[in-house]
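Novice: Use these hints to put chain B onto chain A, whose structure you have.
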Amino acid sequence: MEIDPFIFRLSIFILSIFIGYYVVWSVTPSLHTPLMSVTNAISSVIIVGAIIAGLAGNAENTFNTSSIFGFLAISLAAINIFGGFLVTQRMLAMYKKKKKDK
Amino acid sequence: MISANLSAIFYLISGVLFILALRGLSSPETSRQGNFFGIIGMVIAITVTFLSIGNFSSGFAYVLIFLLIGGVIGAFIAYKIPMTAMPELVAGFHSLVGLAAVFVAISAFLNPEAFNLGSLGNIKLGSLIEMSIGAVVGAITFSGSIIAFLKLQGIMSGSPITFKGQHLLNALMLISIVIITYLLCSTQSSNLFWILLAISFLIGFLLIIPIGGADMPVVISMLNSYSGWAAAGIGFTLENTALIITGALVGSSGAILSYIMCKGMNRSFFNVILGGFGATEKSLTSGSKELKPVKSGNAEDAAFLMKNASSVIIVPGYGMAVAQAQHALREMVDTLKKNDIKVTYAIHPVAGRMPGHMNVLLAEANVPYDEVFELEEINNDFANADVAFVIGANDVTNPSAKTDPQSPIYGMPILDVEKCKSVLFVKRSLSPGYAGIDNDLFYKENTLMLFADAKKMTEDITKNLN
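Chains as they are written, first to last, in my numbering: chain A, 1 to 102; chain B, 1 to 466.
It is possible that part of the hints are untrue.
Below, computed lysine-lysine pairings styled on DSSO-like, alpha-carbon distance capped at 27 Å [to be verified]:
| no. | chain 1 | residue 1 | chain 2 | residue 2 |
| --- | --- | --- | --- | --- |
| 1 | A | 98 | B | 455 |
| 2 | B | 295 | B | 419 |
| 3 | B | 342 | A | 97 |
| 4 | B | 419 | B | 337 |
| 5 | A | 96 | B | 337 |
| 6 | B | 402 | B | 307 |
| 7 | B | 463 | A | 98 |
| 8 | B | 80 | A | 97 |
| 9 | B | 419 | B | 307 |
Rather than coming from a laboratory, the hints here were simulated on the basis of the structure.
Predicted model, so just to flag it, every value in this text is computed and none were measured.
For reference, chain A alone in the conformation it holds in the complex:
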């Protein structure tokens, strides 16, 4: 009997939860705010679904209800992707070590 592909995806999911668990525990507490903003940015990879939805309209009819929701989702996710990564970068650039020559 063949294994349902769902099981493979479930395996990836469960293993990723464990990876997330160990990786996040090793994040230093002083970087918890950047952690939140970067997780925001990466969870917007949901834009992948939005793009598929946006492009699902046919040639003579680019806009139907389904694709309009897709296009809106593209913008929402893009705000997050650009906003999330850039604000994270801005924050991380501020974390500096003590200068030795004081």
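Specialist: Below, chain B alone, put in the same frame as chain A:
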């Protein structure tokens, strides 16, 4: 057009890059590189999606236009936002992830062919369940984050909003979500899908209104986690590895942060999300405390004390963020250091309105991160320090968390400020902190209260130090 197998491999690669992005945050040195990995991962995921669809018709131009609109707005916000507004920003971003998940789910429900999920009215059962989960969690994330945003922004009162039968109502709604999802799967009725979304939006709203302002660190972390689970739900629907991996990472990340925040307050997760904390206790304590004597001083006294100290520990809290006092504080510390006084910073896990809030503000004010310490690292040092300078913090220093089993914050780990030789407390008034409880520290022999705006007071102290 690239094959499904090849694109799956690329999605896997971007998932791995996202793991590395989080891994980078284990130290400030590697964090910037981590962020870069994250960006690469995102570029790969988007590019591969375009290539795998391979449909560069008129729709493609619109995709780019909408992408650009969002990108410009996002970049603009990222550059303009003040660091003190970071909690609001993160809450706002969570709401967008939630809404995007809902929109993708709607889109997939209306046009399942495009996603290979069957046909309208005849969507594969598994996909429909996954889609519903993604949509429900996304909707809860959206409306919950909106409330969190409004509370943090001060548009909505930060005090808990409670009413009779609240928990019963929430429980009934959660049960109805399960029932409607079941009916949706058996009938495929689009009406049920819309009702499901409406209830989910409503419940997100109801779940967050009873939670008070100072519990926001838990709420934000929790919503962070939800946004991850929503993304994962959609990832299962789209059979997309990058999305599943990311959803799981973000979901567990938010969950861990919620756990850390709850532990920082010695409260169970359920106690926090059931809400209402801080609403009732306030009325109990407002009676007798005015009578106790308090020593209050001015900037000159504070400067004198600190000048004669050899080590000072700064304890910042939410009040510092409100007063935007981080830069003034750093200047004061620079002056102290010029006088060969050792200065360190002590940060309580729940100081501020989100995890790591204080650290970001201090970093913004150019405080080197190796002078900033977490609770466990520094708590023993208070006994040897001469002065503790508490600026905008209150409950996290309250000794009754250790001594008074009746106290609502009993058992909460606190910074042992009272062990310092002297304590300087910058505060606007004697009013109790968020938890509504009096702080014994105010009345101690060695405590000097500095009643003023945090920013103004630190500036005045600096003047007096020079």
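Novice: Indicate, hint by hint, whether the structure satisfies it.
Specialist: Going through the hints against the structure:
no.	hint	verdict
1	A:98 with B:455	holds (24 Å)
2	B:295 with B:419	holds (18 Å)
3	B:342 with A:97	holds (16 Å)
4	B:419 with B:337	holds (22 Å)
5	A:96 with B:337	holds (18 Å)
6	B:402 with B:307	violated (31 Å)
7	B:463 with A:98	holds (24 Å)
8	B:80 with A:97	holds (25 Å)
9	B:419 with B:307	holds (19 Å)
Of the numbered hints listed earlier, the single one contradicted by the structure is hint 6.
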